[in-house]
Amino acid sequence: MTSATYSDALARYADFRKTPAGMDLALMVVGALTGAVGLAYVFYNLMEQGHAAFNTSSDMAWGAPIAFYLFFLLTSSGLSIVASLDSVFGLHVFYPVAKRAVFLSLICLIAGFSILALEIGRPFRMLWSLPFSFQVRSPMWWMGVLYSIDLVLLFVKFYLIHVGDWHSRLSHFVAKLSFVVCILAPGTLGLVFGMMAMRPAWYSNIMPMYFILTGFATAVSFLLFFTSLLPRDKTTAPNVDHLYHEILPRLFFVVLLAVMGMRAGQVITGLWSNYEGMEANWLELSSPFFWIEIIAGLLIPTALMVSDRIRRAPMIQFVAASLFNIGIFCARLEFLIIGQKVPLFKGYWAGYVEYWPSMTEWMLIPAGCGVFLLLYGAGNWLLRLSETEFVENGRS
Amino acid sequence: MPRWGMVIDLEKCTGCQACTAACQMENCRLPGEMWQDVLFYSEGEYPSGKLTWLPRPCMHCENPSCVAVCPTGAAYKAENGAVLIDWERCIGCKYCMIACPYGVRFYAEEKQKTQPDIRDVFPAKGDKVWDPPYKMPEQVQDPKHGVGVQPKNVVSKCTFCYHRTSKAPTGLKDLDPNDPATRKFTPACVVTCAPGARYFGDLDNPESNVRKLIAEKRGTRLLDQTGNRPQVYYLAGEAPVIPETRSVRKPKQSPET
Numbered sequence: 036m037t038s039a040t041y042s043d044a045l046a047r048y049a050d051f052r053k054t055p056a057g058m059d060l061a062l063m064v065v066g067a068l069t070g071a072v073g074l075a076y077v078f079y080n081l082m083e084q085g086h087a088a089f090n091t092s093s094d095m096a097w098g099a100p101i102a103f104y105l106f107f108l109l110t111s112s113g114l115s116i117v118a119s120l121d122s123v124f125g126l127h128v129f130y131p132v133a134k135r136a137v138f139l140s141l142i143c144l145i146a147g148f149s150i151l152a153l154e155i156g157r158p159f160r161m162l163w164s165l166p167f168s169f170q171v172r173s174p175m176w177w178m179g180v181l182y183s184i185d186l187v188l189l190f191v192k193f194y195l196i197h198v199g200d201w202h203s204r205l206s207h208f209v210a211k212l213s214f215v216v217c218i219l220a221p222g223t224l225g226l227v228f229g230m231m232a233m234r235p236a237w238y239s240n241i242m243p244m245y246f247i248l249t250g251f252a253t254a255v256s257f258l259l260f261f262t263s264l265l266p267r268d269k270t271t272a273p274n275v276d277h278l279y280h281e282i283l284p285r286l287f288f289v290v291l292l293a294v295m296g297m298r299a300g301q302v303i304t305g306l307w308s309n310y311e312g313m314e315a316n317w318l319e320l321s322s323p324f325f326w327i328e329i330i331a332g333l334l335i336p337t338a339l340m341v342s343d344r345i346r347r348a349p350m351i352q353f354v355a356a357s358l359f360n361i362g363i364f365c366a367r368l369e370f371l372i373i374g375q376k377v378p379l380f381k382g383y384w385a386g387y388v389e390y391w392p393s394m395t396e397w398m399l400i401p402a403g404c405g406v407f408l409l410l411y412g413a414g415n416w417l418l419r420l421s422e423t424e425f426v427e428n429g430r431s
Numbered sequence: 006m007p008r009w010g011m012v013i014d015l016e017k018c019t020g021c022q023a024c025t026a027a028c029q030m031e032n033c034r035l036p037g038e039m040w041q042d043v044l045f046y047s048e049g050e051y052p053s054g055k056l057t058w059l060p061r062p063c064m065h066c067e068n069p070s071c072v073a074v075c076p077t078g079a080a081y082k083a084e085n086g087a088v089l090i091d092w093e094r095c096i097g098c099k100y101c102m103i104a105c106p107y108g109v110r111f112y113a114e115e116k117q118k119t120q121p122d123i124r125d126v127f128p129a130k131g132d133k134v135w136d137p138p139y140k141m142p143e144q145v146q147d148p149k150h151g152v153g154v155q156p157k158n159v160v161s162k163c164t165f166c167y168h169r170t171s172k173a174p175t176g177l178k179d180l181d182p183n184d185p186a187t188r189k190f191t192p193a194c195v196v197t198c199a200p201g202a203r204y205f206g207d208l209d210n211p212e213s214n215v216r217k218l219i220a221e222k223r224g225t226r227l228l229d230q231t232g233n234r235p236q237v238y239y240l241a242g243e244a245p246v247i248p249e250t251r252s253v254r255k256p257k258q259s260p261e262t
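Sequence lines, in order, name chains A and B.
Numbering-wise (my numbering), the first sequence opens with residue 36 and increments by one.
Numbering-wise (my numbering), the second sequence opens with residue 6 and increments by one.
Source of the hints: derived by calculation from the structure; they are not laboratory data.
As the structure is a computational prediction, the values presented were derived from the model and not from experiment.
Glycine included, C-beta positions come from ideal geometry on N, C-alpha and C.
Accuracy of the hints is not assured; some may be wrong.
Said to hold, decoys possible - If you only want the chain A side, here are some residues facing chain B, beta carbon under 7 Å, derived:
{"no.": "1", "residue": "Gly85"}
{"no.": "2", "residue": "Ala87"}
{"no.": "3", "residue": "Arg157"}
{"no.": "4", "residue": "Ser164"}
{"no.": "5", "residue": "Leu165"}
{"no.": "6", "residue": "Arg172"}
{"no.": "7", "residue": "Ser173"}
{"no.": "8", "residue": "Met233"}
{"no.": "9", "residue": "Gly382"}
Could you put together the complete structure from these sequences and hints?
Below, the structure is given as structure tokens:
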């Protein structure tokens with residue numbers, strides 16, 4: 036086989052002969068630059084200081100890197116759920132974003148695992164030590180198993196969609212299986228925290244539901260964010276236009292209300308309770324992360340999404356989705372802090388545990404987001420993410 | 006096989022922290038990384054203010070939540086009742102530190118509370134955290150049981166001085182620091198305790214001194230409601246000095262409020 040034949044074969048899978056331009060090029064350039072700066076800073080400090088470059092401690096064992104990990108993994112599960120809605124519930128309306136959702140889900144999962152590798156003490160040992168230990172009593176073991184299955188299913192799901200196989204039995208089976216795994220995986224991640232009776236601020240049987248819901252909410256906001264960047268004109272197919280202007284913003288509004296309701300329940304319960312360790316909920320009120328979550332992450336986006344007319348505007352969608360993502364990241368971080376704020380057994384003199392992320396931890400933001408944008412821009416350029424089953428079959 | 010347990014008599018304990026220092030030296034700990042700590046509690050106002058303290062090693066629970074959550078099996082319950090960490094399996098995920106109700110697990114890769122950083126003063130050779138000027142002989146160090154100078158990026162904790170207790174001849178009902186025959190098998194904190202407030206013995210042997218003390222002096226366990234069932238018992242005597250909670254909340258009448 037000649038190199039030209041190889042090239043032709045490859046071109047069926049990736050549009051590498053197309054020159055990147057416009058938003059794709061901008062995303063890749065911005066992503067590469069910010070990612071390079073962030074990664075260089077983080078790697079340099081980790082090489083120099085080890086994990087002491089983070090401000091975590093024996094009292095605040097999990098900090099900002101785990102917040103990032105939660106953010107990306109839960110978003111990934113939410114995106115995969117969106118992509119499976121057709122196979123599971125027959126909601127064809129989400130077809131135009133299904134392929135994009137699977138791709139975003141995949142790179143979110145890769146981003147989450149990458150950050151975990153930077154945070155965990157012995158990431159390479161984890162590769163053999165975790166799968167073969169069969170620690171079935173550990174929720175973290177189940178989480179690892181389920182997210183590993185999720186990763187494989189996402190690759191298969193994306194490949195099937197990418198080669199145009201939207202409706203075979205295999206394709207539907209993979210989508211349904213992926214849906215189940217994407218409910219179980221974030222649910223188990225919720226159990227990692229929710230089962231900890233010794234950490235009263237986390238201890239809750241509602242935690243899996245909270246994680247699944249907020250993961251779905253960030254997934255919808257991701258889709259809104261990225262579709263708001265896509266060009267929209269009169270050539271846009273009606274079903275795509277309907278999804279972008281009507282369905283997604285309305286769905287975002289509904290999930291925002293659901294998240295607000297759930298958060299209100301958590302906050303009120305926390306403030307009311309006099310149980311040991313729950314005073315962290317009062318301390319939370321003086322945290323900037325909490326107020327960023329409530330005001331920037333929930334109240335303003337909800338206000339922007341109330342009006343049917345206003346929420347149609349791509350710029351409004353972009354702003355609302357961006358604010359929500361910033362807010363939910365702060366929520367993840369604050370969630371981690373309040374569970375560890377009251378030390379476990381240190382006497383009166385120890386005081387509450389103070390934590391603020393170090394510069395190395397903050398630089399994980401440009402590092403992670405940069406790589407994420409680079410991959411997304413490349414995917415948008417090479418992998419025909421706007422493709423849908425309807426357009427392909429000429430039924431749009 | 007014995008199931009070792011500890012009894013701490015709070016009426017005898019003076020809060021001198023010799024146990025803390027002995028543990029640090031015996032187990033090559035970094036400054037501030039206190040496997041065996043003494044916690045202090047102050048209540049009330051002058052002239053009736055009260056200062057109490059509580060020596061707190063790892064509880065080596067019968068049903069340890071730290072072992073249950075470990076995703077790799079690195080945290081485990083040894084045959085002699087001690088809860089240990091296999092440093093060759095630990096991935097440093099720190100979930101056990103989240104799940105231990107007593108806060109007795111440590112991760113050395115953090116900013117040091119004291120300067121200069123002792124790890125820079127005594128830099129490590131190879132994969133170890135540091136190279137302390139005082140340390141147990143290489144042949145005694147045992148990473149499979151979490152004993153010795155620890156490798157980087159793993160969690161550490163009290164081992165009930167496994168390198169001592171595991172060498173004890175079979176059939177002993179107590180490890181008494183005052184008995185020359187058992188002294189070298191007894192944990193360092195028990196040996197060094199000047200007022201003799203600590204007792205170490207087989208909890209499964211009804212004839213052991215620790216069992217008798219628990220029965221006769223109403224031995225109690227910390228945070229028993231967690232269901233972890235500690236193997237460390239406290240004798241409070243007449244004074245109610247065992248904190249019922251982990252609280253750092255000071256009572257409203259404390260001098261600072």
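Consistency of the hints with the structure:
| no. | hint | result |
| --- | --- | --- |
| 1 | Gly85 | 5 Å, holds |
| 2 | Ala87 | 5 Å, holds |
| 3 | Arg157 | 4 Å, holds |
| 4 | Ser164 | 4 Å, holds |
| 5 | Leu165 | 5 Å, holds |
| 6 | Arg172 | 5 Å, holds |
| 7 | Ser173 | 5 Å, holds |
| 8 | Met233 | 4 Å, holds |
| 9 | Gly382 | 3 Å, holds |
Of the hints listed earlier, there is not a single one the structure fails to meet.
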